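So the sequence lines, in the order shown, correspond to chains L and R. Using the UniProt record's numbering, the first residue of the first sequence is number 1, and each one after it goes up by one. Using the UniProt record's numbering, the first residue of the second sequence is number 1, and each one after it goes up by one.
A few of these clues could be false.
Ranges of calculated distance between the beta carbons of each label pair, as one might list FRET restraints [what the hints assert, rightly or not]: (1) L/Arg140 <-> R/Pro118: 31 to 37 Å; (2) L/Asp210 <-> R/Glu77: 54 to 60 Å; (3) R/Pro118 <-> L/Glu81: 29 to 35 Å; (4) L/Ala47 <-> R/Leu145: 46 to 52 Å; (5) R/Asp51 <-> L/Thr16: 38 to 44 Å; (6) L/Asp137 <-> R/Gly40: 51 to 57 Å; (7) R/Pro118 <-> L/Asp51: 50 to 56 Å.
Covered, in the sense of this in silico footprint (three residues per stretch, anywhere, with C-beta under 8 Å from a C-beta of chain L), are these stretches of chain R [unchecked claim]: (8) 103-112; (9) 136-143.
If you're looking for bench data, these hints aren't it; they were derived computationally from the structure. Since this is a predicted model, take the numbers as computed values, not measurements. C-beta: ideal position from N, C-alpha, C; glycine also.
2 protein chains.
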Amino acid sequence: MTDRTVSDRPATAMETPFVAIIDDDPSIRESLVSLLRSVGLTALPFASAQDFLQHRWPDAPGCLVLDVRLPGQSGLEFQRELTGAGIHLPVVFITGHGDIPMSVTAMKAGAVEFLAKPFRDQDLIDAVHTGIERDRDRRRAVDALSDLQERFRSLTPREREVMRLVAAGQLNKQIAAELQLSEITVKVHRASVMRKMQARSLPDLVRIADKVTPAGDA
Amino acid sequence: MTDRTVSDRPATAMETPFVAIIDDDPSIRESLVSLLRSVGLTALPFASAQDFLQHRWPDAPGCLVLDVRLPGQSGLEFQRELTGAGIHLPVVFITGHGDIPMSVTAMKAGAVEFLAKPFRDQDLIDAVHTGIERDRDRRRAVDALSDLQERFRSLTPREREVMRLVAAGQLNKQIAAELQLSEITVKVHRASVMRKMQARSLPDLVRIADKVTPAGDA
DNA sequence: TGGCCTGATATACCAAGGTATAGGGCCGGC
DNA sequence: GCCGGCCCTATACCTTGGTATATCAGGCCA
């Protein structure tokens, strides 16, 4: 139909980044949106954390601009909640009535920046760009890893065991003894592992294994 | 002479940690020292950054308690200076006249904590313990790596080249071709590498190589 | 000058890894 | 019931890796 390649997991590095702005003050919201749009960024305004969560945001690198004081829930709590839910969107805090402990808590929790009003437009723009860059890097790392995890999932249980022991430096005969197999069977599984994991050499496989099984695996 | 093993790089993990306190106010200095000593920590007072630098601090995990406002130089500048000089002692900031941008800058630069006076004694104690723990972890990592680097330095130039290519997954014959050697010579060097690096298997060597030569090595 | 380290090489042998082909048992889905 | 996937095994053959022993040459230093 079309000559464009359609992939279910395209390279995300080049996609249009977005900025979500959560602030209960409509005038601030709109002014931030227009500021960020003026430098070519896609900015989406939300009045509350709930509004933001209901929205399906794009599968692209992004950044969150968050007022510390939100209706119902503080921005710091929302930050923790997102992290707990596995959403690792970089956060830029803005606040009108912040204090030092608040900013320290936010930065400890991984915030990109904590800006007290009034702040310079350029400071916010810089912080947002930093956040987007951070998310881009994180997404790249996740993508690379999920490729490998996909391959790892295609292994049979036996193949995974053999892979683990091979990566641990065991000889085929040792693996055979440990798994109560003949050496030839181990070789067969080992060959399957190399093929399925697309490893071109043993060092290659070792590095893949360490990425896909960080510590202690079945 | 003695039955005690004397090593030039003993395990640091168990050594007595220390806390250096830099504050130009003698009364604060002494009160912090006595506070930290009351919980069993070794605390050393300094009136300025210069005093601290002149002192030979122990080869043990430590932590720095730093007033943001120092004579001559700000605490934040001193933090940058230390980092630039390769001194990675965790820093806990205390301040009487701090603001949000200051705390954000400090936390971005890796400070453990940023406490505005008045703060609770326990908050400082907790921060210091966190800093010491962080330094302990860092020192452990450095120690483990310097062990490997020591071994790596004992390799001859040829052995390093062979190690690099082995870790890259090249076959002996490919390495021989690339280095213009006979295959048997490669085997000899390879065996030396395994022995000197104390690698028990090829996967073992690959992991060591990745640690000791993070990216691009001769 | 003699000893030592580094580097390179060879022969010979054995262990380990890799591949192809072939076959059997088990189990779950069509 | 048949097929396919998974698991296991075997024979045969070849490649690659690892070790031991020995030789030779250059550079460096006491």
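Each hint, compared with the structure:
1. L/Arg140 <-> R/Pro118: 31 to 37 Å: violated, 45 Å
2. L/Asp210 <-> R/Glu77: 54 to 60 Å: violated, 40 Å
3. R/Pro118 <-> L/Glu81: 29 to 35 Å: holds, 31 Å
4. L/Ala47 <-> R/Leu145: 46 to 52 Å: Given range 46 to 52 Å: holds, Cβ gap about 50 Å.
5. R/Asp51 <-> L/Thr16: 38 to 44 Å: About 54 Å separates the Cβ atoms of R/Asp51 and L/Thr16, which means 38 to 44 Å is violated.
6. L/Asp137 <-> R/Gly40: 51 to 57 Å: violated, 42 Å
7. R/Pro118 <-> L/Asp51: 50 to 56 Å: violated, 39 Å
8. 103-112: holds (count 4)
9. 136-143: Violated: only 0 residues of the stretch 136-143 of chain R have a Cβ under 8 Å from chain L.
Of the numbered hints listed earlier, those contradicted by the structure are 1, 2, 5, 6, 7, 9.
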